[in-house]
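So the sequence lines, in the order shown, correspond to chains A and B.
Using the working numbering, you'd call the opening residue of the first sequence number 26 and step up by one each time.
Using the working numbering, you'd call the opening residue of the second sequence number 505 and step up by one each time.
These are computed hints drawn from the structure, not numbers from a lab.
As the structure is a prediction and not an experimental result, all values here were calculated from the model.
For glycine and all other residues, C-beta sits at the position ideal for the given N, C-alpha and C.
Here are some of the chain A residues that sit facing chain B, going by a computed Cβ distance under 10 Å:
# : residue
1 : V196
2 : R256
3 : A289
4 : S318
5 : Q345
6 : S351
Label-pair distances were calculated between CB atoms; the ranges are:
#  : chain 1 : residue 1 : chain 2 : residue 2 : range
7  : B       : D742      : A       : A339      : 40 to 48 Å
8  : A       : A47       : B       : D617      : 47 to 55 Å
9  : B       : S808      : A       : T110      : 38 to 46 Å
10 : A       : R346      : B       : I785      : 47 to 55 Å
11 : B       : I871      : A       : W500      : 54 to 62 Å
12 : A       : R199      : B       : A561      : 30 to 38 Å
13 : B       : S808      : A       : L495      : 56 to 64 Å
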Amino acid sequence: MPDSHPLQLTPRMESITQSVLAEPDLLRQLTDGLGSPLNIVLPEALDANVSAFRAVYRQHRLRGNIYFAHKANRSSALLRHLAATDAGVDVASLGELQHALGAGFGPGRIMATGPKNREFLWLAARSGITVNADSLDELSELAALVAAGRLPRVRVMVRLSEFASRGVHLVSRRSRFGVPATLLTEALDRLDKHADQLELVGVAYHLDTIGLAEKAIALEGCLAALDEGRRRDVPAWSIDIGGGFGVNYLADGAQWERYTSELAQAVLGRRSPLTWNGHGYGLRNEAGTLRGSLGLYPAYRPVSGPGYLDQLLAATAPEQRRPLGSLLLDSMIDLDIEPGRALLDQCGLVLARVLEVRDGPDTLVRLELNSRDVSLEEHGVLMDPVVIPQDSAGIAGPAEVFLLGNLCLEADLITRRKVVLPVRPRPGDLLAFVNTAGYFMDFSATRALHQPVGRKVALFRAGGRWSWCLDEQYWPVPERAEAA
Amino acid sequence: MRYDDMTEAIGNTPLVRIDPVVHGLRNIDLYAKMELLNPFGSLKDRAAWQMARPMLAGAAERGDTVVELSSGNTAKALAMIAGMHGLRFKSVTNRMKVPEIKDLLLLLGAEIDELPGQAECLDPSDTEDPLSRMHRTLTSNGSGYVHTDQYFNERNVEAHLHGTGPEIVKDLDGRAPDFFIACVGTAGSSTGVARALRQHDPDVRVVGLVAAKSDFIPGIRTIDEVHEVGLFEPGVYDTVETITSDDAIDGLLTLVRRCGTPAGPTGGGAFHGAVRHLRPIDATLTERKTAVFIVCDRVESYLSYVRERRPALFGRPPRRNDPRDLTESEVAAAPTIDVEEAQRWPGLVVDLRSPYAFQALHIDGSINIVDELFAELLHGGLPFSRRQPVLLVCPVGEKSARYAALLTRMGHPSVRSLAGGVIAWRDAGARLVRD
Numbered sequence: 026m027p028d029s030h031p032l033q034l035t036p037r038m039e040s041i042t043q044s045v046l047a048e049p050d051l052l053r054q055l056t057d058g059l060g061s062p063l064n065i066v067l068p069e070a071l072d073a074n075v076s077a078f079r080a081v082y083r084q085h086r087l088r089g090n091i092y093f094a095h096k097a098n099r100s101s102a103l104l105r106h107l108a109a110t111d112a113g114v115d116v117a118s119l120g121e122l123q124h125a126l127g128a129g130f131g132p133g134r135i136m137a138t139g140p141k142n143r144e145f146l147w148l149a150a151r152s153g154i155t156v157n158a159d160s161l162d163e164l165s166e167l168a169a170l171v172a173a174g175r176l177p178r179v180r181v182m183v184r185l186s187e188f189a190s191r192g193v194h195l196v197s198r199r200s201r202f203g204v205p206a207t208l209l210t211e212a213l214d215r216l217d218k219h220a221d222q223l224e225l226v227g228v229a230y231h232l233d234t235i236g237l238a239e240k241a242i243a244l245e246g247c248l249a250a251l252d253e254g255r256r257r258d259v260p261a262w263s264i265d266i267g268g269g270f271g272v273n274y275l276a277d278g279a280q281w282e283r284y285t286s287e288l289a290q291a292v293l294g295r296r297s298p299l300t301w302n303g304h305g306y307g308l309r310n311e312a313g314t315l316r317g318s319l320g321l322y323p324a325y326r327p328v329s330g331p332g333y334l335d336q337l338l339a340a341t342a343p344e345q346r347r348p349l350g351s352l353l354l355d356s357m358i359d360l361d362i363e364p365g366r367a368l369l370d371q372c373g374l375v376l377a378r379v380l381e382v383r384d385g386p387d388t389l390v391r392l393e394l395n396s397r398d399v400s401l402e403e404h405g406v407l408m409d410p411v412v413i414p415q416d417s418a419g420i421a422g423p424a425e426v427f428l429l430g431n432l433c434l435e436a437d438l439i440t441r442r443k444v445v446l447p448v449r450p451r452p453g454d455l456l457a458f459v460n461t462a463g464y465f466m467d468f469s470a471t472r473a474l475h476q477p478v479g480r481k482v483a484l485f486r487a488g489g490r491w492s493w494c495l496d497e498q499y500w501p502v503p504e505r506a507e508a509a
Numbered sequence: 505m506r507y508d509d510m511t512e513a514i515g516n517t518p519l520v521r522i523d524p525v526v527h528g529l530r531n532i533d534l535y536a537k538m539e540l541l542n543p544f545g546s547l548k549d550r551a552a553w554q555m556a557r558p559m560l561a562g563a564a565e566r567g568d569t570v571v572e573l574s575s576g577n578t579a580k581a582l583a584m585i586a587g588m589h590g591l592r593f594k595s596v597t598n599r600m601k602v603p604e605i606k607d608l609l610l611l612l613g614a615e616i617d618e619l620p621g622q623a624e625c626l627d628p629s630d631t632e633d634p635l636s637r638m639h640r641t642l643t644s645n646g647s648g649y650v651h652t653d654q655y656f657n658e659r660n661v662e663a664h665l666h667g668t669g670p671e672i673v674k675d676l677d678g679r680a681p682d683f684f685i686a687c688v689g690t691a692g693s694s695t696g697v698a699r700a701l702r703q704h705d706p707d708v709r710v711v712g713l714v715a716a717k718s719d720f721i722p723g724i725r726t727i728d729e730v731h732e733v734g735l736f737e738p739g740v741y742d743t744v745e746t747i748t749s750d751d752a753i754d755g756l757l758t759l760v761r762r763c764g765t766p767a768g769p770t771g772g773g774a775f776h777g778a779v780r781h782l783r784p785i786d787a788t789l790t791e792r793k794t795a796v797f798i799v800c801d802r803v804e805s806y807l808s809y810v811r812e813r814r815p816a817l818f819g820r821p822p823r824r825n826d827p828r829d830l831t832e833s834e835v836a837a838a839p840t841i842d843v844e845e846a847q848r849w850p851g852l853v854v855d856l857r858s859p860y861a862f863q864a865l866h867i868d869g870s871i872n873i874v875d876e877l878f879a880e881l882l883h884g885g886l887p888f889s890r891r892q893p894v895l896l897v898c899p900v901g902e903k904s905a906r907y908a909a910l911l912t913r914m915g916h917p918s919v920r921s922l923a924g925g926v927i928a929w930r931d932a933g934a935r936l937v938r939d
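Same shape as in the complex, but just chain A (with noise of 0.2 Å):
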């Protein structure tokens, strides 16, 4: 039976985010001056979730980096900020690199990932950083770069892919990057070779999926090659087990079972449709039945981030039948972890003024940004924006709207999903997409059509209200105390 009640997606906002919006003068006079969109930082929000983090590791005993996956957000604040906590960062560029040293991490909390060309191996030999390997190939160019360079041996790590599962069968998902596992003892030939420019610290995985029991499979075949390493006295001590620890996204479970049980209904046509033109996300109606799957992410994720990686620590190894939080223990095993949406919860947001409001058979509201400015539908992630009218005289409300981007681009719809907004945004309000920081803030933003690329800003509280300064000016620098 059609639900006919609105189906919001109200965001989870935690307190730090609720005291942003509760300051809309605030916000105007920045977009007024700074232009729309505009993108928010919150450096302090950082601290409360490597606490978190920090606090599963005390809980299992377990020592080891958090390395923040910095292509997340570009943002020097936020990246500052983690300079002056005991995190460390995962640089996946070249620019990467340099805005990790220039923020102020020394090399021992900086770990190179993912696909690197020459300048970049040679940035991190010569600072010294540890680099994670991606193939055998790149572990001899590093070597061949040391050694001509005649630099300090580098500290490195070899992400391993391709886990068998020994036992039942557990299929999984292609992936470009790493050494297949069943390569280990070339690989460790290779660092034998290399034994004067490499070091090898450890192995690594990072497997692109939700599933717990993958990554159970995956992080066990690192225990073993750390066993083979032992067997031929290679004193490796961490395994980096890569990111996807995810984050909640919204305040109410029932209302993301409600929303997706009606999107079916709506694809299935028992209903009017929820989409424009009624995209279905990913299902499709084949002769009265539900086919092809729904391609969301998971916005509400009761267990995400830091009780994820309690749950997997917790997990029982196929194997050896024991947790593997205790098999790393029972290994000396540091722990590493690079998560990146999940160190940004709460950490930021975009700001959108309101442009025109149309109404028709449809209300469509266009907006002064574009979908790529506030990339949630590129990452599948439905949640709504908050209104922020700019005065509070004839407000009205609720209203099922679709929100219009600014490129001349009839595909350019920053959600494909009708909208439900508690208030009816008239031209001037503005929308606030919370909790964006990480992935849809800045990592697709582009200057199509010569449009504008938001200008960022830090918020931080100083003598108990928000203040503001451009993210590049943003220093965690402490007040100057009183003169005694």
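Starting from the known structure of chain A, fit chain B onto it as the hints suggest.
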């Protein structure tokens, strides 16, 4: 009764009246169709045999593998049928949520493919979900697979249209029941039985039971999942109602404890859903009516499922010498020594870590008793002489402190825990060996 093979024993299950004292309905006779008495253990035996039978000719010669998307009873039945005919069977599944069933399938010789979880960095334009890819492989010609396709195969419905349904009518002396209550899994049994009953009496009320969206009852689809089932026709059901796993277990307990019926959660859910639906109707009736529900399978495969949700049912007496009984002050008072003193320890060194970690590196001369095993030993009493000094070693000195406290309580005079564990030992540069 003499048969040539077990498939001949499929079907013709009894229809058993449930004692009114148990269900409390005054005007409705409630009957259970005992599908748990099928030879492979469930209602799905009928559909599995009906679907597989026409595909068997030549399959063994070609060396084909029977494939089904199932993590339950259909897989079980197909595995046995495949085995009887010299075929291999592969079960493709999102996740085996009930460990006993996974073990049972492996015991029956089935091969299991588990599909991966959703991508964390989602690419919504990627239509290559593993299930779609799997489907393409199965349907391409000469794939070597025989796909029974239970969610779309009309023969699944026919098994019940010509079997289960008419059997019910025959046992009710040629009359259809007034109510038929069924859990919706593949929708094959509910659709087939409903059709058969309505051929006799178009007024039969059919109640479909599904699980709540975030709930899990093995063998029952959730309110959303039913739409992914090709055999599901909303028109079959007069009403579709939701039951919870709690309801299913309540029903299971009633059937198991009071009705002599070792039913699984699906049967329990059907019983609970039936009584819940019928009770208000019963109160208004002035004439007798009959209702039928299906007991799909047996309880034994779901012990862990029930244990997870009702641990109190499996209460065991406490065991002696359990480290969990220690008080915090006892643990705090556990006798410990530091690395330097430990290097001069004259007695036995017991390493409580996993065997793999022990074999990789350990303190020279130590012996390995992994903590779970050590706990088992201690339930029986002290495993070494009181005159034997013992140093306990674990990763960080936490578990070893608990066991040192426990051994002290058990009367061992010279047990110690290595403070900071083997990690402190390593960090102090003390020697570790592998033999």
